[in-house]
Structures are given as structure tokens and as C-alpha cells.
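Novice: Residues per chain are reported as follows:
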Amino acid sequence: MKAMEHAQAAEAFIRDEARTDWHDETLWFVRQKRDLAAQGLPEWEQLRDWASGIKNHTLSNLSQYLALFEENALKNGIKVHWAMDAVEHNQIIHQIIKEGKICRMVKSKSMLTEECHLNAYLAAQGIEVIDTDLGERIVQLRKEAPSHIVLPAIHLKKEDVSDTFNEFLDTEKGNNDPQYLTESARQHLRDYFVGAELAITGVNFAIAETGGFVVCTNEGNADMGAHAANIHIACMGIEKLIPKAEHLGVFLRLLARSATGQPITTYSSHFHRPRPGQQMHLVIVDNGRSRQLGRADFRNSLKCIRCAACFNTCPVYRRSGGHSYHTAVAGPIGSILNPNIDMKANADLPFASTLCGSCSNVCPVKIDIHEQLYKWRQVLVKEGHVPSSKKTGMAAMTLVLSKPTLYRLAGKMGRVALKYAPFVVNNSLNPWYKQRDMPQAPEESFREWYQKNRK
Amino acid sequence: MSSKNRILQATAENQPTLTQLPFIDFDSLIQYPDPVAAFEMVLKKIGGEIIHFKNEEEILKSISKADQDGEFVLNTFRQQEGSLAPFKNASAVELAHLNRVYLCGALGVAENGAIWLDENAMVNRLLPFITQHLVLILNAKNIVATMNHAYQNIRVDESGFGTFIAGPSKTADIEQSLVIGAHGPRSLTVYLFHN
Ligand code: SF4
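Read top to bottom, the protein sequences are chains F and S. Taken in order, the first sequence gives residues 1 to 455; the numbers are from full-length UniProt numbering. Taken in order, the second sequence gives residues 1 to 195; the numbers are from full-length UniProt numbering.
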């Protein structure tokens, strides 16, 4: 599944300098739009506090809320399924498709189905699902994975999209106009919507009190599919619950502002009962979430509402691209969630961070993201899962840090080296030098300065 | 043990000590001196249009005068239930060529330009999404300040489906260039009446 660790994949990504700069700047621009939107509300920090408090409460009472939610959803005529893991999730959906003898199906964005590799599972059974979110359709045609949970095709330029559409949708060669390309996708996908027999969607929020769920999109694709098809399957992780509908008042104010700087997504659709003649299914998935709930240091990562603000602000994400994280959910939060799913395969991810804390500052539900990344590193090292790129340096560092005299000597040597022989540090064995010039070294260390100057 | 019971049990075992829900203090929420003006400003910013009417009669006149040019247009405003019955269970194939739909919104939100409507107002869940152009009719009196206020005024499960609509459908998935008209309507116009 994983071809490369984050560090190597990132190295490949930044080889195209112009594109890396574009990626970096574009996401930073999205981050700035988020700031403007946040600053427009005097109660922003208060909203984050409430959101965090509501999610903390929900997690502390999750089993009861899950039971209540199911009870109410059943009363609403929704068919509820439970899946321990990705395989069971995929099997449940496959079973519904088989029973309905379904051939034509559409899917709107759902990171959970990406996490479970639903498309690949169904493809192996000879079943094709059409992704309908524009960005997801683009990457699906290119046989790629989304590189960002909100902006799935952010790693691509319009020329790439134009080439892909020329190949698959027969658009004019070399016409790179986003308006034209979007219109072509609209026409292409309309036929799939109108003919859809089954629609799969994600879930942004599930309301325990009313037994319904909310799906947010800008494009209207989740609604087009769900209302056209005779079968609607919505997939959710157990952490999507909120106690009451009134709590949506807090979360819907935060979600789009944090994600793209919009005051709200175009559509915030509340599904409670199937329409006459329709089947509505809900698949509730654990896939490691209940285990994460038991890890005191990491449980509050389950508060995440998948806004991707932490991606857009992350200096590592912006300059390494989503694919270098080799998981469905990339970015800082993905680096906390994925080691829980597979510690060994994702041991490199908590190291893909500068621990600058910018993620924690923007997170609308106040997850202490950078602190959890730091804690994962401790756990991973203890368990012996250290990414290869960190191994040599870390072993040396452990030795140096454990011996104060060695530490002082090493510092002195470092300063001397930087001054008289910068090539010793600025060489290809030192990963820090790869994209950087080493700084000018001070004449003396703080310690030396302090000893000389203290009275 | 069933997956359901295993999940519920693991969750019960692993959930931390119960914490309290926060108290949502409405006094700390933003207040707009003129919510209607705020609504209009945000709506235009997110790609929507707005036309003001003195009263509902004016809207009715305007709709009946509108040049339909042989297009497939559906108006639900002040229509007899019976006349809309054929559309209730119409399929996507039958509605695929809808050009314009007029629907009544129940409530507007000043902070984000969103309008709530539920299944009863939609007649058919597909209508607000499948039409090329959407017109939402709204009473200016029904504009509240924020989403927190909105949820005090609606019951989300009163009908089987309801949605907040904020502007026309849009996407920025190609190089972050905003394009209006993704899969839903290419335009959204609010007919706001003040009586
Ligand atoms: S961790 Fe916070 S900032 Fe990151 S996606 Fe989740 S909610 Fe958004």
C-alpha cells in the first residue's frame, strides 16, 4: 500500500519547485480566507470552546448516544448497520448492492469510504462506483487518491485536469478554462445522477436526539444522488455523533469557515426519513475508533470534524503534498489517526511535523494536535517503530542528549563546524541541509555566555 | 457477539468519565443592527441575487408575468396542493429538464445568507437541486441573526428531509478558481418580501 515513507515521498514532491510553491501559496491563501472568516465573528473563540466541550461530552457518553441514535434512526425508518472494521463496512455495502441488483451507482465525498478503500473493494467484485464530487471525479479518472480531505485535487494544475478530461470526457485539447472544464464535468455527471439506482454519501454530523444525519456540500452532488436514487447508503464513523440538533448551530458555524472561509457550505442537508418508496441505510463504522477512545493521550483526536484547517496551515503539508502521507486522511490530524489504525505502516507520519503548533491554533474543536504528534513519537519509539530516515540521527541524538558533557561538546563542535567547515554539516548526509542553508553560528553558546555574564 | 454489541461494549469500556455539556449563552452571539441588510450583503458575496418586493401579491404578479419562453418552470408559491401532486413522486428523469423552480423558504440566516426549507415546501426533494435556476421566496421578518438562532426556530425532523441553502451550487476544485453552477442550480435568487 505504502510505496515510500513520508520523507522520501515529500522529497519527490518538492522536486518540482514551481509546483511546490504554487501548492504552498494556494493552501496558505485558503488559510488566510479562514482567518478572515473567523475574525468576522466576535464569538469565534467562544464557538471553538463550545464545540470542543460538546464533543468532549459526546465522547464521554458515546456508547449511550450511539444506542439512542440507533433507536431513533430505526423509528425514522432508516436501516442501521454496524461495522467493526473496513472489511465489514465494504461487505455490508456490497450486500445491499447485490440484493438490489444494482448496476448504476454514484458516491459523494466520504473520507470514511476512502479509509475503507470501498472503491477498490467493489472494483474487485466488478462493480464500478462513480465519484461525483468534481475533485474526486478528477482523481478517480486519473486513478489517483484524493490528496486533501476538502480539496481532493489540490495537487493538480488546470492543465492536468484539461488533459484528463480531454482523454476521458472528450473536451477540447488545451482548453484549460476552469469554467469550461467544470461545465463539461457537470454535463458528464448529470447523466449518472439521473440514472443512479443507488447513492452513497458520507455523514458530517449524526444527531442522537432525532436519529437523523447532516451532509454538507457546495456542489449539491450528495443531494442529487441521494434524492434521485431509490437506495441511499450513508456511511459514518462512530465519532460523528452530536447530542442534539441545536448543537449544529455551533458546528455549522465553524465547519465551512475553518475549511474554506465560506460562512457556510451551499447545502447543509438534514436526512431523517427515506422518501416514500426509498430505502435509506446507515452504516456505523468503528475501524479502530473505539480503541482510540481508550487512549487517553489521543482520544480527543476523535473530536475532528474534518475541516482540513490543520492541513492548510501546516508548513509540512503545504510543501509535501497530501500523497506523501500515503493514507486517506493526510495532514496533521491524519498523522494522529493513522498510527492508531496501523502503527507500523504509519509510524513515519507523526514525524512529518515541525511541531510548530499552528494546527492546534486553528482547529475549530481545539484538538491539541501538535502535542499528540509529539506523544505519538514517544509511543512509536518505545514500540520500536521508527521511520528509517530518522533512525541514525535519532540514535546519535539519544546518546548525546543522555550525556550532558557530550551535549556541550557536541554543541561546541557544531558551532565550530558551522564557522570553519560548513560543508561538514551542509552535506547530503544531513537531511536538514537538503532544502536549507545552515544558519550563521554564534560565537558562543547561550550557556557559555551565561556563565561569563552572570554575577 | 454482533458487531453492534462489540462496538457498544468497546465504546462503553473506553469512554472517559462523563463531562458536562457547555451552556450556550446567546448573549455572547453576534448581533446585527440590521439583519436584513446583513443577509443581503452575505448572500451577494456567496453568489446569490436578491429582489425586494413590497408584498406577496407583487411576487405573484412578477412570477405570472415572467417570460417562460417555453421552458419547464414550476411554481409552488400560492399553488393549490392538487396542482403540484403530479410532481410529488416524479423521478429524476422526469425532472431532468427543469429550468426554473420557485419555492418558499421558511427562515433566513443573516450571518451566512442560508435559507431553510423542508420537504413540505419542496414538494419533491429533488426540486431545489435538479433545477437549473432556483428562486426562494422569503419573508424578511423570518431572518434571524445566526445558526444558533435558526435551530431555535426550526424542527429538523418535522418532515423527512430539510436543508439550508446558501447561494447557487459552486466548486473551486480546479486550481481553487470559483465556478458557479457545479451540480445543482446555476443561479439562486431570493425574492424577499416586506409586509
Ligand atoms: S483536526 Fe481540527 S483542524 Fe484538523 S481537520 Fe480536524 S477539526 Fe479540522
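No lab work stands behind these hints: they were computed from the structure. The C-beta atom is built at its ideal place from N, Cα and C for all residues, glycine as well. Misleading hints may appear alongside valid ones.
Unchecked claim - Derived DSS-like pairs: lysine-lysine, alpha-carbon spacing no greater than 27 Å straight-line:
#1 F:K143 x F:K173
#2 F:K375 x F:K344
#3 F:K33 x S:K45
#4 F:K143 x F:K2
#5 S:K4 x F:K98
#6 F:K158 x S:K45
#7 F:K157 x S:K141
#8 S:K4 x F:K303
#9 F:K143 x F:K157
#10 F:K75 x S:K4
#11 F:K33 x S:K44
#12 F:K79 x S:K45
#13 F:K2 x F:K33
#14 S:K88 x F:K79
#15 S:K141 x S:K45
#16 F:K75 x S:K88
#17 F:K2 x F:K382
#18 F:K244 x S:K44
#19 F:K101 x S:K44
#20 S:K61 x S:K44
Claimed, not checked - To spell it out: a stretch of chain S is covered by chain F in this simulated footprint if at least three of its residues, at any positions, have a beta carbon under 8 Å from a beta carbon of chain F; those stretches are:
#21 27–36
#22 109–120
#23 163–176
Stated by the list, open to error - Computed list of chain S residues with no C-beta within reach of chain F, every gap over 10 Å:
#24 T17
#25 E56
#26 S83
#27 A85
#28 R125
#29 N142
#30 T189
Novice: Give a verdict on every hint.
Specialist: Each hint tested on the structure:
| no. | hint | in the structure |
| --- | --- | --- |
| 1 | F:K143 x F:K173 | holds, 20 Å |
| 2 | F:K375 x F:K344 | holds, 16 Å |
| 3 | F:K33 x S:K45 | holds, 13 Å |
| 4 | F:K143 x F:K2 | holds, 16 Å |
| 5 | S:K4 x F:K98 | holds, 22 Å |
| 6 | F:K158 x S:K45 | holds, 25 Å |
| 7 | F:K157 x S:K141 | violated, 45 Å |
| 8 | S:K4 x F:K303 | holds, 21 Å |
| 9 | F:K143 x F:K157 | holds, 16 Å |
| 10 | F:K75 x S:K4 | holds, 17 Å |
| 11 | F:K33 x S:K44 | holds, 17 Å |
| 12 | F:K79 x S:K45 | violated, 40 Å |
| 13 | F:K2 x F:K33 | violated, 33 Å |
| 14 | S:K88 x F:K79 | holds, 23 Å |
| 15 | S:K141 x S:K45 | holds, 21 Å |
| 16 | F:K75 x S:K88 | holds, 23 Å |
| 17 | F:K2 x F:K382 | holds, 23 Å |
| 18 | F:K244 x S:K44 | violated, 31 Å |
| 19 | F:K101 x S:K44 | violated, 45 Å |
| 20 | S:K61 x S:K44 | holds, 24 Å |
| 21 | 27–36 | holds (count 3) |
| 22 | 109–120 | holds (count 6) |
| 23 | 163–176 | holds (count 14) |
| 24 | T17 | violated, 6 Å |
| 25 | E56 | holds, 26 Å |
| 26 | S83 | holds, 20 Å |
| 27 | A85 | holds, 13 Å |
| 28 | R125 | violated, 4 Å |
| 29 | N142 | holds, 17 Å |
| 30 | T189 | holds, 15 Å |
Comparing the model with each numbered hint stated earlier shows that hints 7, 12, 13, 18, 19, 24 and 28 do not hold.
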